[in-house]
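K.L.:
Residue-level listing of the chains:
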Amino acid sequence: MQVSSQQFKRKAAEALANPQLHKALSNLRARMVAGRARSVLELDNLEQIREAAKNARDFALTHLDYLLEEFERNACERGAQVHWAETGDEVNRLVVEIARRNAVRKIIKSKSMLGEETGLNHYLEAAGIEVRETDLGEYIIQEARETPSHIIAPAIHRTAEEVADLFHEKHKLPRKTDIGEMTREARMVLRPHFLTADMGITGANFLVAESGTSMIVTNEGNGRMTTTLPRVHVAIAGIEKVLPTLEDVAFILRLLTRSATGQSISNYVTFTTGPKQPGDKDGPDEFHIILVDAGRTRVLASDLRAALRCIRCGACMNHCPVYQSVGGHAYGWVYPGPIGAVLTPAYVGLENALDLPNAATLCNQCGVVCPVKIPLPELMRKLREQQVDRGLQPWTERLALKLWAWVALRPAAYAFITRLLARVGRWAGGSKRLMHKLPAGAQWSRHRDMPAPSGKTFRELYRHRR
Amino acid sequence: MRVGLFVTCLVDLMRPSVGLSALKLLEDAGCEVVVPTTQTCCGQPAYNSGDRGPAQALARKVLNEFSGCDCVVVPSGSCAGMIKVHYLHLLEEFPELRPTLQHLVENVWELADFLVNVLAVQRVPGRFQGSVTYHDCCSGLRELGVKLQPRELLGKVPGLTLREMGSPEQCCGFGGTFAVKFGDISAHIADEKCADITDTGADAVVLGDVGCMLNIEGRLRRRGDADTKVLHFAEILAGVSNDPG
Numbered sequence: 010m011q012v013s014s015q016q017f018k019r020k021a022a023e024a025l026a027n028p029q030l031h032k033a034l035s036n037l038r039a040r041m042v043a044g045r046a047r048s049v050l051e052l053d054n055l056e057q058i059r060e061a062a063k064n065a066r067d068f069a070l071t072h073l074d075y076l077l078e079e080f081e082r083n084a085c086e087r088g089a090q091v092h093w094a095e096t097g098d099e100v101n102r103l104v105v106e107i108a109r110r111n112a113v114r115k116i117i118k119s120k121s122m123l124g125e126e127t128g129l130n131h132y133l134e135a136a137g138i139e140v141r142e143t144d145l146g147e148y149i150i151q152e153a154r155e156t157p158s159h160i161i162a163p164a165i166h167r168t169a170e171e172v173a174d175l176f177h178e179k180h181k182l183p184r185k186t187d188i189g190e191m192t193r194e195a196r197m198v199l200r201p202h203f204l205t206a207d208m209g210i211t212g213a214n215f216l217v218a219e220s221g222t223s224m225i226v227t228n229e230g231n232g233r234m235t236t237t238l239p240r241v242h243v244a245i246a247g248i249e250k251v252l253p254t255l256e257d258v259a260f261i262l263r264l265l266t267r268s269a270t271g272q273s274i275s276n277y278v279t280f281t282t283g284p285k286q287p288g289d290k291d292g293p294d295e296f297h298i299i300l301v302d303a304g305r306t307r308v309l310a311s312d313l314r315a316a317l318r319c320i321r322c323g324a325c326m327n328h329c330p331v332y333q334s335v336g337g338h339a340y341g342w343v344y345p346g347p348i349g350a351v352l353t354p355a356y357v358g359l360e361n362a363l364d365l366p367n368a369a370t371l372c373n374q375c376g377v378v379c380p381v382k383i384p385l386p387e388l389m390r391k392l393r394e395q396q397v398d399r400g401l402q403p404w405t406e407r408l409a410l411k412l413w414a415w416v417a418l419r420p421a422a423y424a425f426i427t428r429l430l431a432r433v434g435r436w437a438g439g440s441k442r443l444m445h446k447l448p449a450g451a452q453w454s455r456h457r458d459m460p461a462p463s464g465k466t467f468r469e470l471y472r473h474r475r
Numbered sequence: 022m023r024v025g026l027f028v029t030c031l032v033d034l035m036r037p038s039v040g041l042s043a044l045k046l047l048e049d050a051g052c053e054v055v056v057p058t059t060q061t062c063c064g065q066p067a068y069n070s071g072d073r074g075p076a077q078a079l080a081r082k083v084l085n086e087f088s089g090c091d092c093v094v095v096p097s098g099s100c101a102g103m104i105k106v107h108y109l110h111l112l113e114e115f116p117e118l119r120p121t122l123q124h125l126v127e128n129v130w131e132l133a134d135f136l137v138n139v140l141a142v143q144r145v146p147g148r149f150q151g152s153v154t155y156h157d158c159c160s161g162l163r164e165l166g167v168k169l170q171p172r173e174l175l176g177k178v179p180g181l182t183l184r185e186m187g188s189p190e191q192c193c194g195f196g197g198t199f200a201v202k203f204g205d206i207s208a209h210i211a212d213e214k215c216a217d218i219t220d221t222g223a224d225a226v227v228l229g230d231v232g233c234m235l236n237i238e239g240r241l242r243r244r245g246d247a248d249t250k251v252l253h254f255a256e257i258l259a260g261v262s263n264d265p266g
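Line order of the protein sequences matches chains Z and P. Heads up, the first sequence stops at 475 in the working numbering, and the numbers go up one at a time, no gaps. Heads up, the second sequence stops at 266 in the working numbering, and the numbers go up one at a time, no gaps.
Hints are computed from structural coordinates only; laboratory data are not their basis. Check the hints yourself; a few may be wrong.
[Claimed, not checked] Straight line, CA to CA, 20 Å or less: simulated SDA-like cross-link-like pairs of lysine to any residue:
| id | chain 1 | residue 1 | chain 2 | residue 2 |
| --- | --- | --- | --- | --- |
| 1 | Z | LYS391 | P | GLY74 |
| 2 | P | LYS168 | P | ALA141 |
| 3 | Z | LYS441 | P | ARG244 |
| 4 | Z | LYS32 | P | GLY187 |
| 5 | Z | LYS391 | P | LEU109 |
| 6 | P | LYS45 | Z | HIS473 |
| 7 | Z | LYS391 | P | THR198 |
| 8 | Z | LYS391 | P | GLY166 |
| 9 | P | LYS202 | Z | ARG19 |
| 10 | Z | LYS382 | P | GLY166 |
| 11 | P | LYS202 | Z | GLU171 |
| 12 | Z | LYS32 | Z | GLU171 |
| 13 | P | LYS45 | Z | GLU469 |
| 14 | Z | LYS63 | Z | GLY376 |
| 15 | Z | LYS391 | P | GLN77 |
| 16 | P | LYS168 | P | ALA225 |
| 17 | Z | LYS391 | P | ARG73 |
| 18 | P | LYS45 | Z | GLU171 |
| 19 | Z | LYS441 | P | LYS177 |
| 20 | P | LYS82 | Z | ALA421 |
| 21 | Z | LYS441 | P | ASP264 |
| 22 | P | LYS202 | Z | ALA22 |
| 23 | P | LYS202 | Z | ALA421 |
Bound conformation, chain P alone (with noise of 0.2 Å):
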């Protein structure tokens, strides 16, 4: 299977050791995986600030990019839901492209999806001593329906215990621009996050996109948390740090 690896613009700037990880579970897996250079963005940041012109234009590029591909794979909930759920509605304007819209926009997948509900993957080469809690992140949960998947897989981690937090499923506060736009705001609710995260003692709390991890991170160490590891969970499943190399 020819698998389209979207790496998404935030793994590949601030977050790189998630797109490898995920490189190497589809590789250990057994899929073609293939990565296209010239991807960037999918277009979201356009999207939910209401300019559809750019959107349009990056939607348009990632059509291209990756039309060769059976199964495009993204380990991010809020840029696959942006494909799956928003591109469409997105691209009305274009009938021409809607053939290949279609097949991308069935085949899209977030990676832990992917890795269950397609690959069923059973053993991950990951290990981890301790704790977790996990965060369901807003557009993965409720556009994707990704809830137990990552739960399935970090069950399968050897050493891994998972102790749920009080509201998991409750927004981190990100939500692309608005954490910049309103940003005293985003910091209020990304607390309680942090909050829920601390009551629960856990090692790392992990989750399956970037930009929340930004957030998380970024308020637990303000509030002088050192030691709570924030992770993606295909960084834990591929046993993949993000320690410099």
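Next comes chain Z alone, as it looks inside the complex (with noise of 0.2 Å):
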């Protein structure tokens, strides 16, 4: 996908005057913040779990080299194709090979957000191929030629009425607003094409190194679908997503359904292990699996390493206050919310995305409701450090930095000009003790007063009341 992340303060301003969108996100908080508060009350060991669900990711990721090959080792044995990309481009490449290895003409796609780094869509459709993406979330945007705002619910930024008018636009259909009868509409316009699909493409939730499996969650049966009517199947994965054993995956399970969306286990947990075999009813031909790493091994190295363990849930970006206010657009790349403010410039590089690590509060809420521990806030403030050493931090900001500190390093001299601001402020801030401008502080007071200070400082009064 093409990186737009450096655009961020305008897409953001946009998203804040677009009523629509607040009323769309609204359902953020609604559903999935509380439907997490919710569930995760079911578990008596939280944050247990928590932390072995951190310590399994780690020790996955720190044996990364032998897993993966073990990985390939029992997926073929089970007589699936596994194949490695160090790129996006070479995993486009990969499965356009496939495709026309086996002359597809049709692609159903179940979600993958690394297709969507990759720009797989594009890619196949320019080799003229036709690609459907099944997930209703992601059916949509890819009516509306969007992309996706949130990395589980790709269409949260659209109200219901919205979609309304897109599909009586699209289907031809008479205008339905029950979500219900629009839920059936699209599924009756899909149905022909998972029947007509010569190949399914999914991502993993993750791969299973003692099994050679790859497994996905999701509610709406496409998945499921997916992986077994088309004659082709092909399932794409960054390196990271590799667990030891079917009982790890079973418990972080636990953590991420309920993190994600408030249920104790999703309507569909497929897993699947190599192509059909002799006697199966169903199943493709084929099964091929691409292992990614595009930029993975780079991180591994440094140290944002832990947003590596990350499983997607989503959690961070549910519980963010500026996701919630501006919507997933904004962030410019594939991943928004906090994981996306430290994955795009991880992948992309931080020179295209500066905005991101910065513009958070750092409130934590995202490192808190982490089920697997991601210290979120800590690799923004990295990534800021790395922006100070690397000198691209703007030079207004450097200055102003500068100079405050070599004031705050001289009492003297900050108790002087202190005393200065203290008597300014009282001055300008009137009878209602309020400034309505700030000199060189239209961000602040655009939409905020500053209450004015009383005119003398603590360390004044103190001395005076001594």
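Grab the two chains, each in its own frame, and use the hints to assemble them into the complex.
P.N.:
Right under this line is the structure:
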């Protein structure tokens, strides 16, 4: 996907001015945040499970070399074909090659954020292959020619009303507004595609090394059909998705769905091990798994490594006050919210996403809900430090900080300047004791007043008191 | 007990009454309070901006200034959190500082936490006629576990009733330099907080960080609410007003 994270501020401003978006995003707190809060209460040892999940993910990342080869061995033993791709372009080329070899004309896809990273759909369409997204949210944004604004609820930025208009326009059927009826309509439109597709593409929530299994969680059943109906199934997965055992997957799953949608378990949990075996009633003739680096090994070797623990539940963005205000598109690449503020600079380069690590209050709501305890504020701060080290900060900001630090390190100068500011502020505040405009502080005062200081600093009052 | 009061830069300049209140509460409880007059800032703005150099210099300054104290008390969750949670990491390149640093980190307290869990304060001098709602500031809450302490203390104030808002733990959007780098987003988040506060119908919103107070009060006033008071819990507990003297 093209990176437009450098336009964060402009896009955020547009988002703030969009009342439809806020109507749509209000679902986030009402459904996802409240849902998670409710469902984690079912676990009487949430913190222990989080700690265990963090450790399991760290173990996997530490033994990635071994586990990936074990995965490959076991997957191949069951008849799957395993490919390794270093870049997103390689993923796209591999998928087209597999499609060409199998004379594929139509592909159905279950959700894959990695596919968004590589721009797979565009690449396939350019190669003359029809691609159909089958996850309802993905289907909506494909029809609307948009990109996902959330990693598990890609169309969260659209209201039901907007989707009703879109379906009416695209399906040429009477406009429906009931969500259940709209869903049935989408299903009716999609069903023939499931039955006529030659290839199914899925992502993978986890790869299981001990059995060579790829696993996805879905709610709509489209994933199950994508992995079983077409004659070829291609799963694309980042190399960080591997876990040693099925048992690891099982307990992390308890956190994944609760953190994501507030469900105890998703409607479908699909484990795919090898293609159709002799005697099987369904399943693909060929099953390919593409293991993708695309920047992962670089992150693994960096101090942002903890971000690779991510199990893509979306809780960090659901709970983020910034994401709740501007939605996902402002972030300008595949992953929005706090995890996106870390992964985007890590994968596409800090110089291409300068605002993202700074566009956070560091409230750490993300850190406390993350099921694998990624210290997101800490990682954002590390990226801010890299910006300073590489001289990527605006000079105005550097200068302001330098001046401030110079003064703060000199108590006499500091006392003098604060005394002055306290008096000027008191005067500027007038009888209401509010400053409506701040010199060089328009970002503050456009939508806020500034309570005026009371005229004397604590330092002065303290001396006086003594 | 020799208690160092770290006033914080925002209290010093913007809200000295908070510092005076903290002083009164600590002295009333029998502490010998030391207020180093050379103190300025804990270094948090530089630290959160990724500028470790000045942050380290300021952290070392704090370390020096409070080296003779048994405890250091801070009327701000975010500055107390900065010292307690981040100084060890910030100063890890200076192993020679380790012993004094360890002492500081182990003995630095957010004010409400200190009043409840160390001094076990039973009575407070302040009174308040009316209802308040309490906003949990992020750092105090999530770095230091300050949640029940201020509520317990407010419960001891004669005349005061507490009305919880819908989402007291939701960030107010301040975020230090975030509020001036991304002012529009910050104000939008503050607006939701203000709506939550207004919905309670409380006479005052009470909290424990002056940065968040400026943000919330600034947005409340711009929304046209001239009445809802924005107070630091220390001001209520001590009965000290922030009117200019």
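K.L.:
Each hint should be assessed against the structure and marked as holding or not.
P.N.:
The hints, checked one at a time:
1. LYS391(Z) / GLY74(P): Status holds; Cα separation ~14 Å.
2. LYS168(P) / ALA141(P): Status holds; Cα separation ~16 Å.
3. LYS441(Z) / ARG244(P): 15 Å, holds
4. LYS32(Z) / GLY187(P): 19 Å, holds
5. LYS391(Z) / LEU109(P): 15 Å, holds
6. LYS45(P) / HIS473(Z): 15 Å, holds
7. LYS391(Z) / THR198(P): Roughly 16 Å separates the two Cα atoms, so the pair holds.
8. LYS391(Z) / GLY166(P): 24 Å, violated
9. LYS202(P) / ARG19(Z): OK: LYS202(P) and ARG19(Z) at ~13 Å, within 20 Å.
10. LYS382(Z) / GLY166(P): Holds: LYS382(Z) and GLY166(P) sit about 17 Å apart, inside 20 Å.
11. LYS202(P) / GLU171(Z): It is violated: about 33 Å lies between the C-alpha atoms, which goes past 20 Å.
12. LYS32(Z) / GLU171(Z): Holds. LYS32(Z) to GLU171(Z) sits at ~11 Å (cutoff 20 Å).
13. LYS45(P) / GLU469(Z): Roughly 16 Å separates the two Cα atoms, so the pair holds.
14. LYS63(Z) / GLY376(Z): 12 Å, holds
15. LYS391(Z) / GLN77(P): Distance ~15 Å between LYS391(Z) and GLN77(P) Cα, so the pair holds.
16. LYS168(P) / ALA225(P): 18 Å, holds
17. LYS391(Z) / ARG73(P): With Cα atoms ~10 Å apart, LYS391(Z) and ARG73(P) stay inside 20 Å; holds.
18. LYS45(P) / GLU171(Z): It is violated: about 58 Å lies between the C-alpha atoms, which goes past 20 Å.
19. LYS441(Z) / LYS177(P): 31 Å, violated
20. LYS82(P) / ALA421(Z): Distance of about 14 Å is within 20 Å: holds.
21. LYS441(Z) / ASP264(P): Given pair LYS441(Z), ASP264(P) holds - Cα atoms ~11 Å apart, limit 20 Å.
22. LYS202(P) / ALA22(Z): 13 Å, holds
23. LYS202(P) / ALA421(Z): Since the Cα atoms of LYS202(P) and ALA421(Z) sit roughly 29 Å apart, the hinted pair is violated (cutoff 20 Å).
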